[in-house]
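Q: So the protein sequences, as listed, match chains A, B, C, D, E and F. Letter by letter, the first sequence follows residues 1 to 165 in our numbering. Letter by letter, the second sequence follows residues 1 to 165 in our numbering. Letter by letter, the third sequence follows residues 1 to 165 in our numbering. Letter by letter, the fourth sequence follows residues 1 to 428 in our numbering. Letter by letter, the fifth sequence follows residues 1 to 428 in our numbering. Letter by letter, the sixth sequence follows residues 1 to 428 in our numbering.
A couple of the hints might just be wrong.
[Said to hold, decoys possible] Straight line, CA to CA, 20 Å or less: simulated SDA-like cross-link-like pairs of lysine to any residue:
#1 B:Lys57 / F:Gln319
#2 B:Lys148 / C:Ala157
#3 A:Lys148 / D:Gly187
#4 E:Lys311 / C:Ala157
#5 A:Lys132 / B:Arg18
#6 B:Lys132 / C:Phe12
#7 D:Lys311 / B:Glu124
Since the hints were derived computationally from the structure, they do not count as laboratory data. None of the values given here were measured: they were computed from a predicted structure.
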Amino acid sequence: MEYAFVRGIEQFLYREARLLDEGKFQEWLDLFTDDVRYWMPMKTTRDATSSAETTDKELAFFDDRKPTLSLRVKRLTTGMAFAEDPPSRTRRIISNIEIDALSDKEVEVYSNFLVYRTRLESVEDTYVGHRKDVLKEVDGSWKIAQRKMIIEQNVLASNNLSVFF
Amino acid sequence: MEYAFVRGIEQFLYREARLLDEGKFQEWLDLFTDDVRYWMPMKTTRDATSSAETTDKELAFFDDRKPTLSLRVKRLTTGMAFAEDPPSRTRRIISNIEIDALSDKEVEVYSNFLVYRTRLESVEDTYVGHRKDVLKEVDGSWKIAQRKMIIEQNVLASNNLSVFF
Amino acid sequence: MEYAFVRGIEQFLYREARLLDEGKFQEWLDLFTDDVRYWMPMKTTRDATSSAETTDKELAFFDDRKPTLSLRVKRLTTGMAFAEDPPSRTRRIISNIEIDALSDKEVEVYSNFLVYRTRLESVEDTYVGHRKDVLKEVDGSWKIAQRKMIIEQNVLASNNLSVFF
Amino acid sequence: MLTNEEIRKLVDVETGDVARKIFVDPDVYQQELARIFGRCWLYVGHESQFKNNGDFITTYMGEDPVIVIRDGAGKINVLLNSCRHRGMKVCRKDEGNARSFVCSYHGWSFSNSGELLAVPREEVAYCNGIDKGDLGLLRPAQVDTLHGMIFANWDPDAPSLNEYLGDMKFYLDLMADRMEGGIELIGGVHKWIIDGNWKLAADNFVGDMYHVPVTHGSAVGIGIRKPWGDDGYQISPGNGHGFGGEFGGLAEGEGVATPYTPFIKKVRENLEKDKGDYVSKIVPIGHGTVFPNFSFLDTMRFRTFRVWHPKGPNKMEIQAWCVVDKALPDELKAAVRQQYIFTFGPSGVFEQEDGENWSQCTAAAAGWRGRQDNFNYSMGLGREREASEVLGHDLPGKIGGMWSEINQRAMYRRWRDLMAAESWSDLA
Amino acid sequence: MLTNEEIRKLVDVETGDVARKIFVDPDVYQQELARIFGRCWLYVGHESQFKNNGDFITTYMGEDPVIVIRDGAGKINVLLNSCRHRGMKVCRKDEGNARSFVCSYHGWSFSNSGELLAVPREEVAYCNGIDKGDLGLLRPAQVDTLHGMIFANWDPDAPSLNEYLGDMKFYLDLMADRMEGGIELIGGVHKWIIDGNWKLAADNFVGDMYHVPVTHGSAVGIGIRKPWGDDGYQISPGNGHGFGGEFGGLAEGEGVATPYTPFIKKVRENLEKDKGDYVSKIVPIGHGTVFPNFSFLDTMRFRTFRVWHPKGPNKMEIQAWCVVDKALPDELKAAVRQQYIFTFGPSGVFEQEDGENWSQCTAAAAGWRGRQDNFNYSMGLGREREASEVLGHDLPGKIGGMWSEINQRAMYRRWRDLMAAESWSDLA
Amino acid sequence: MLTNEEIRKLVDVETGDVARKIFVDPDVYQQELARIFGRCWLYVGHESQFKNNGDFITTYMGEDPVIVIRDGAGKINVLLNSCRHRGMKVCRKDEGNARSFVCSYHGWSFSNSGELLAVPREEVAYCNGIDKGDLGLLRPAQVDTLHGMIFANWDPDAPSLNEYLGDMKFYLDLMADRMEGGIELIGGVHKWIIDGNWKLAADNFVGDMYHVPVTHGSAVGIGIRKPWGDDGYQISPGNGHGFGGEFGGLAEGEGVATPYTPFIKKVRENLEKDKGDYVSKIVPIGHGTVFPNFSFLDTMRFRTFRVWHPKGPNKMEIQAWCVVDKALPDELKAAVRQQYIFTFGPSGVFEQEDGENWSQCTAAAAGWRGRQDNFNYSMGLGREREASEVLGHDLPGKIGGMWSEINQRAMYRRWRDLMAAESWSDLA
Ligand code: FES
Ligand code: FES
Ligand code: FES
Ligand SMILES: [Fe+3]
Ligand SMILES: [Fe+3]
Ligand SMILES: [Fe+3]
């Protein structure tokens, strides 16, 4: 893979993470295609040999299309989204980026994340997991066309999931 | 260093990490040479100015050659490795990769890691440390010929070390 | 951006982190220009919509120029810096590196960090945050001319800040 | 143990004052584990989770881990998930199918109905004769079901589930028995931890419509529901249970609408023909709690069950499910599922705020000065009426307005009485 | 509750033995929350933080979260940060400006002087008549100030701030009232957590010069101060308060010097003309603690205020500020700020070691054998004199040498008396 | 404090029932710190760790941190690692060499035999006369050794180590005194934390062969040992101590074999000539515990010592070492080391499962219902014989089969008696 191509994708993910960390939610939302699925199934302990994920007929921590994802972002501007008002402090470590080029204009990207968030005085959460994205080139820029995320927990160790992944 | 060369090594480490995170232990094992040493000394508090590691005449958290490393992997298939049955959920953040080319076919690679694991409902461990690997090219692919790992803890804060690093 | 250029900067940051993790504080200090500002403001909860940082008229966790930064390093050799004697064990995950080239010889670099430190037997701290550095090329090598750092906490969850970022 | 007298001072149902202490005090909490969770009927699962013999889930009764399993004879068993030998969890999974459980410590094996089947090397190790019949997994004294909802009770002297539910049963029928085939759970369970006392959640669901327009006001802001009127009710059928909502059904609105709403209206119309005109007023039956810690939401958009498992005075584990009528068409099930995930669960645009509030309530009430004060449950005091007066049809229970804390007062009265009583007979 | 007798055994002021138990025992800690933090005057902020009506900060009194706010009439209020309805924190910020606080749980709103302004849908929800006048935010029984330093006290029977400070006031004047316009805080507050009992910090600041040459010996190593002589003092003006330092002012030195030192000397000269020659000896007044948990440093290089908030027997939250004379030129303020950050706060080249020591002291004292022993506060026993004997001018209080634990003994005597007393009147 | 009577109810040695409460209850735990760890002989190190004067290690006695150090005169001292001034840890290292320890808080310095050597500025600070002779580091009342194993005891009234070990000494000789020069520890110590009560580990090592084929069954799966037969023993020499194993030596097997096995067989043959034919049956002596928390494994492949340090009812810190005969050839030492690391310690293919089991046992026993039950230690009840009957040679102690809980019953009897007794004399 060409260096510029790889770097373009890596920088895209870093920029995306930074938009979230800097609270630029609308700009972040614009990075998704209109038909995106934003899906976070849950890890369950069902098997002796693997950590099964909930299927798409089962519950998930997130399962949004663009309309509901947009509402989540809009919500933050209503003045009544108290779970993020005052806002959490977040920082995202994005690592282990692996790219499978499906075509010139479409790639599958694996990445691992550590999302650190604190809020108010001392509420502290660390979410570690991985993502599998499909990026598509639209008008010369990458857009996220699919995002599947997993947090490596069984009982989620947080008061809520009020941040994005 | 050539981009493709560097990227090859980075991707090798990411793929290796993903094999572990996805429970593909046999494939992971195949990434090691037959004469590999897989060694994790311990950090002790002995000096005023440095964090001494245990020597290779002293105890270690791991000190395997290929035969015992293979047995560790085989163990997971016995149906009686209860520490990993049901399996832990893990995710590995590999970062700060530095490469010293010893030759065209042999490199020394430094990397830092954060291995996150949870198991059952709420058991949670975060292992942070670093590794120094020697990779050798064997039949056109990299193999791990030496791995030295350190977890930056003194009293290990876990019920056990049932995952790989 | 050229690959070699980008890689040079990334490797610079990794090497810098490793100098700290290996306790080579004097060598680390030499990576800073003589007029460096080494500044870590604090995150406060003042607004409904953003996490304000303390201004440079307000308190900070660090606000050093080279002379005081040098004294911090010198302090570690006095034999009476008990907060680091015996020394902490640290490991730095540096990620999400983004580079803005201001010129051939000057770049602005964003990065996220996770600094893990333990000390004595079981004291454990994880500092997650981000940095914005200005690097300048001096005699063919990069030097850090400005460093602004943020830890994403409000009430700092540690006995002290005895390590560098 | 706090004495009867000490306990009685903590809850004043005449004024609606409830001591903050009960939300933060470790001694009160220990007493709750014994006198509330050790005696009350606790929800442990739904029959739709056990399609085949051997199907099981693991959950909690109070802080005790239990396995709920359908045995080889098709019977539902509730078993303490702790080996009788040295206490090891015999099952370390969330769910699955098992004929037996082999303990990972010494290999004692238990059938899926809890009997001790075998101990390794029994003859040589226990030739003195181990009484296997006496060493099966421990089990609650009583297990019973209602519309597939499985409840269990450690106390042999507790009243039957039927008696325990009392008049609440009448209303639970309206929630769980609306279509042929009854209800089922959508697969998967949301589990998460909130740094708050479990009663905050139970009291919130039992009668707290009042928080909705504020805590969940952002829902109006994003257009997924209309502003709230005043036209609703809280019904307290006794024994600490309660439910309430808007007349006509909770959660009408425009945004992100699904065809579930018109569908449920149809279902309701049929039901109304059978039962009477009150149905269109109070079905779906809104928010509610079956004392102590089983709650539900039954709205125009979805249904959810949830249990607030106590994990210490300042911590609870929430387990929450999405519930549908078995007969609901698949595409409606899918729509309900998506709607539910968007609005409830840890990332739900409604539920996010509950986590923030409950954790900060508990924190702020925990100081020395704070915990000397009371929480105020005076809303609607003196305006309680018979439900039948308002809704006709001999409907059982007391009723208050939508903005009333009638149900919380009843819940804390029940809590107080149970905490003070040495036994169920003492209570009566 | 430990009895009077049990408490008295813990502190022996004749020998300087103080039981380690008081630094680690959970029962002692709970009693402190009631009898120390529930009764004493606690520092909650400085008037310079409240420039405009509506300006507020949030902090703690003991473990209770409070809002300190200047109301619409310009008056400073201290308010328990917990809604009277269901306890929610009504303010979740560090600081800001507010006309009112709207609770995020059910929307009760409180004015910036604490009154309950409105409850949503009051008429329909509370037509029975809610007594809003009775449901304002809780507030300490007493609030008073000295040189802009705001103190509050939960206990209506506590002596006035003036009486409580007693002769310490004389010395606080020397610290806070040196220039026209008084003092102000530099913006921002260092907040951090130390795994140590709060009294270790209070006792360190009240009288522990003795640790300085060792704990902070690296300061000599890097040349930012000269080695310590023996020429100083500890003054115990009564009521458990105390302060001390080097004669001529703490923290003279060479390295990283700022023009603040010559400036403060000028200020001191003027003060001396007014007050007498003792001024040049004990101004700046060094380290000190106002019982129980408000401490300060007043040196030739900077001034700091800090509060040691208790967070359990083994944990404290430090809040620390940098204090300057309002009239100090801007460039000197900047220099003091930088000097302060370099030497104090969590990264301070002085303060780093305190965190290491206090956390390890607490850990090492917590074992079964360790906690049966005493800490030793015998230094300077029997050599206490009247301050006026040493410094003339009718200066109030007792005085010991710079290396003396006179102040700690007085602090623990006060602690013991308060812990044993049922009420303030009992104490007298 | 639980009363004598309350304690006695917790352990029934006739039936083998032991109340789960003792593994999770905080009050029981506090009482253990006083009555078990405050009175029993505790292992603190081995003489081979102290080659030179000044060599030291740090460890724990119960929860109290101690330094074990060889002083200038070559004598081993055990010292509470807490300064007599304000409790600071005077040594913050794992191991090293020191002539003295200078406290980092105020600089009091202590010799390597624990005397208070000097306090800074003594004359001016303490001219009243500090009694330095009285302020040395605290130390256990008794310290003694056996084959280089150092034990210490806080209680002056405790019996001597010899009397305390009783007949266990006979067997410890077989474990630690087999070759000229005795034993030594391989450098480095495995330290890790398990979320389980310390007694689970002590009881596991004292007599629990029964868990081995299940918990560690994967060892057969990977071919590093053969399946277990029934041919072994558990010996209970009294005072709560115990050990057991397979006749002929634990841990024979094929995979990953080392030349240590044939070597130890040779050693054993020599020993047998001296002592008698029982040696080949019970040497190496298998698994064992010296009451309360010092355990060992002595197998055909390696030897290990370990201490289960209590860290609360639900938590222990394991410290574990690999032990070899000093006279063992270097290459065999290396082989033993590698074998040990592969099988034991936190990553050991055997020991991984113990962590999983002990943590989940403790968790599952902690609920309200669970903790009312008992653990079952009935295995082998009524089949205990004199060891000499089975093995001849006047061997001391009682013996049970390999699959017997005889040793655990003896351990909990001892535990009960010590917990109930006010003093050692009370016990006798
Ligand atoms: S604990 Fe289950 S078999 Fe022993
Ligand atoms: S808790 Fe504040 S309005 Fe209800
Ligand atoms: S605590 Fe050791 S010298 Fe003061
Ligand atoms: Fe809600
Ligand atoms: Fe200090
Ligand atoms: Fe074992």
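Q: Name the hints, by number, that the structure is in violation of.
A: 2
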